[in-house]
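For the protein sequence lines, the chains are A and B, in the order given.
Note that the working numbering numbers the first sequence so that position 23 is 23, with each residue one more than the last.
Note that the working numbering numbers the second sequence so that position 76 is 228, with each residue one more than the last.
The hints are simulated quantities; they were obtained by calculation from the structure and are not laboratory data.
The calculated lysine to aspartate or glutamate pairs, modelled on DMTMM-like cross-linking and capped at a C-alpha distance of 20 angstroms, are:
1) 228/B / 30/A
2) 246/B / 29/A
3) 156/B / 168/B
4) 106/A / 275/B
Taking beta-carbon pairs under 10 angstroms as the criterion, some of the chain A residues facing chain B (in silico):
5) 5
6) 32
7) 45
8) 53
9) 76
10) 90
11) 105
Glycine included, C-beta positions come from ideal geometry on N, C-alpha and C.
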Amino acid sequence: MAITQTEFETLLSNTSKRLEGDIVWQEDEDRSPCFEFRAEVQSSSGWPLFVKGSFNPLIPALSYALILKSAGRIYALDLGKDHHNPQCTQVGEVHKHRWSEQFRDKDAYMPTDISAAPSDPVAVWVQFCAEAKIQHQGQMMSPPTRTGELFL
Amino acid sequence: MNAKDLCADFASGLGEMFVCVPHGEFHRIRTPYLYPDGDNIDLFLKRADDVVTVSDLGETNRWLRSQTLSLRRSPKQSALIADACLTHGVEFYKGMLLARCRPGESLAAVATRVAQAALRISDLWFTFRTRAVESATDEVADFLSEKQFSFERAEKLAGRSGRGWTVDFHVRAPRRSALVYVLSTGSRSAARSVAEHVLAAWYDLSHLAAGPEALRFVSLFDDTVDIWAPEDYKLVEPLSTTVLWSEPDRLAQTLLEAA
Chain A
1 MAITQTEFET LLSNTSKRLE GDIVWQEDED RSPCFEFRAE VQSSSGWPLF
51 VKGSFNPLIP ALSYALILKS AGRIYALDLG KDHHNPQCTQ VGEVHKHRWS
101 EQFRDKDAYM PTDISAAPSD PVAVWVQFCA EAKIQHQGQM MSPPTRTGEL
151 FL
Chain B
153 MNAKDLCADF ASGLGEMFVC VPHGEFHRIR TPYLYPDGDN IDLFLKRADD
203 VVTVSDLGET NRWLRSQTLS LRRSPKQSAL IADACLTHGV EFYKGMLLAR
253 CRPGESLAAV ATRVAQAALR ISDLWFTFRT RAVESATDEV ADFLSEKQFS
303 FERAEKLAGR SGRGWTVDFH VRAPRRSALV YVLSTGSRSA ARSVAEHVLA
353 AWYDLSHLAA GPEALRFVSL FDDTVDIWAP EDYKLVEPLS TTVLWSEPDR
403 LAQTLLEAA
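The shape of chain B in the complex, shown without the other chains (with noise of 0.2 angstroms):
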C-alpha cells in the first residue's frame, strides 16, 4: 500500500466509524468516542429551517453526575467545564453540550467539536478522589512479585456445592501450593460478612486441601485498618491458615513452608 492509498484508506475507514441514523425527533450519531467507562459517546441532530443543532442531549452530564454521590458540581469542576467549552466553541445550556451547524458549516466538523468537549468534560471523573487508589489485592500481588512467587489470580474454582468462587491468589510455591484469599473491607459492621463469605469458601473448596497436592488455605487479613474483633480471626483459622497483612514476611514464610 502506498501513502496515497495509506490516506485514502484512513479517510474512508474514518467516516465508517460515525454511524448516523434516524433516532426519533433527531438523528443520532454513535461516536468510536468513550467515556472513561468505556461507553460509547452519542451526539444528536436537529434541524430547525437552514439550522442543524448537535447536541449531546445532557448525556455528558448525566454520565458524570451518575458516578458520583454529589448532588451539586464543586466550582472547580464547573469551571472546567466552561473552559473545555470555551476550547471547542460548544455551549453548555441546561446541562447540554450544543452547537449549531449554520449554512456553508461542515456539520463533520461541528460534531466533532462536540464530541471533543464531550471527552474533555466526562474526563473529570478523573478528578474523583476514589479513582486512583490501589486495593489491598493489588499490594499483596506486588508483594508476590517482589518475593518472585508463582501465582494466578482471581482464579475461578468450583466448590463442592458447584458453586463457584473467585480466590484472590493461587499460589506455587516449591513444596506446597496454596490459595489465598486476602480479607479487607473498609466497613467495621461488613467485615462479619467478609469473614463469613471466606468461611463458606474454604468449606466449599476442601476438597482441594486434599490429597498429595493438597493446597493450603491461607486467610489474609487487611489489618492496617483496626476493624477485625476476634471472633472474626476464629471464623477461618479452623480451616485456613491466619496471617496479617502487617506481618508480610510470616505470609512469605508461610507459603514456603511444607505442611
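If we strip away everything but chain A, and leave its shape as in the complex, we get (with noise of 0.2 angstroms):
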C-alpha cells in the first residue's frame, strides 16, 4: 500500500532508525561495473525499511535509496545525472528525491547538506545517514577497485 504525507514525514523524522553491522559493497546479478549493497533500516517503530546503494565507479554515479517494503521508494540520494521535475524544473547532478502524494517519488530537489563528491562513496554515506537520521552502528567498507576492459 502507499504511504501518506503524515506517514513519510513521520519515518523520515524517527531518530530511531539505526543500521547495524558493516556494509559491504558487492557485485550485482549481472557482473555489471556496478557495486550494489542492501541493508536492513531498524527502528522502534518497526517499519519495514531497507536502504539501497548503488555505484557506478565509470562516471562515477551514486545513489542511497530508502525502501519502504510496502510502497517501494520513497526517499533517495542521486549523484551523476540530471533529473527532471514533473513542474517542468531541470535539477542538477546531486538530488534527493522526496516522497509526496501528488508526485510520489518522483520530485527531487538540491540538497545543501551534500558536499562530498560520487567518487567517495563512503564519505558521501556519512551524510546521507545524517540527513536521513539514520545511525549507522558499523563501517562502510570502500567498493572494490575494478581492473580490465570493459565491453571493448
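Fit chain to chain and form the complex, with the hints in mind.
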C-alpha cells in the first residue's frame, strides 16, 4: 500500500532509525561495472524499511535509496545524473527524491547538505545518514576497484 | 512560420536537446529522455580504432535495481529486457546496453537505438507491484470530492513553535472549516508514532482552533487494517474529533456540524 504524507514525515523524522553491522559493496547479478548493497533499517516503529546503495565507478554515479517494503522507494539521493521534475524544472547532478502524495518519488530537489563527491561513496554515506536521521552502528567499506577493459 | 520553417525549426531544435561533452575516458550524451522517476538518461561513447561503442555503462540496470529490494530479476523481467534489446538491435552485456557504430553508420541512429532500449527496459519499473496503489488519503480526497466539500490538500501550516506541519486536508464547510489528518499505516508497530505525530501537530496548531473562525480538528483513522490500539485513539481524542474511515458518513456528518 502507498503511504501518506504524514507517515512519510513520521518515518523520516524518526531518530531511532539504525543500521547494524558493516556494509560491504558487492557485484550485482550481471557482474556489471556497478556495485550495490542492501541493508535493513531498524527502528522503534518497526517500519519494514531498507536502504539500497548502488555505485557506478565509471561515471561516477552513486545512489542511496530508502525503500519501504510496502510502498517502494520513498527517499533517495542521486549523484551523477540530472533530473527533470514533473513541474518541468531541471535539477542538477546532485539531487534528492522525496516522497509526496502528489508526485510519489518523482519530485527532486538540490540538497545543500551533500558536499562529498560521488567518487567517494563512504563520505557521501555519512552525509546521507545524517540527513536521513539514520545511525549506522558499523562501518562502510570502500567499493572494490575494477581492473581491465570493460567492453571493447 | 511555413511548413518548411517548421521542419527546419524542429530539426535544429531536436539536435540541441542532445548534449555531447567529453567525460573522462568517454564522451557523454545527455539525452532529453527520462527514466520513470524523472532522472535523465545519459549515454556514453568510446572509440576504438574505427568503431564507436555507444553504451549506458550499466546505468539503466543500476537505476532499475535501485528501485527494488529484489537481488535477482524474475525470468519474465529478463525476457522483457532481451525482447527490448532485440527490437532495438542492442546488446545486453554485463548489465550494460551496448551498440557499435561502424564506419558509414549514423552515430545519431545508433545512440537513438540505445536510448530507446534504455527507455523500454526502465519501464519494467511499472511492473513493480508497489507502484499502482492508491493511498488512504487519495480515497479520502475522492470521498470529499464526491460529497462536494471544498478542500485544500497537503496544506502547510505554521505551528506555534515555528515548525511547519503538512495537514492532509483543510476542508471548508458552510458552518465551520476543519483540518483533517489521515492516520494510516501498514505497520502495527508504526501506529503509535503516527498517532504521536498527529498529536504533536494538533498541539502545535492549537491556536487555529480558537476564535470566531476556529477550525475543527479531525483525526481520521484508516481502520481498514486492524492495527490501531485503544491508546492510539486516546492519544488524539483530547485535541481532536476522532472518526473511523470505515464510517465515512460520520466523517461527512462531523464536517457539516456547527460545533
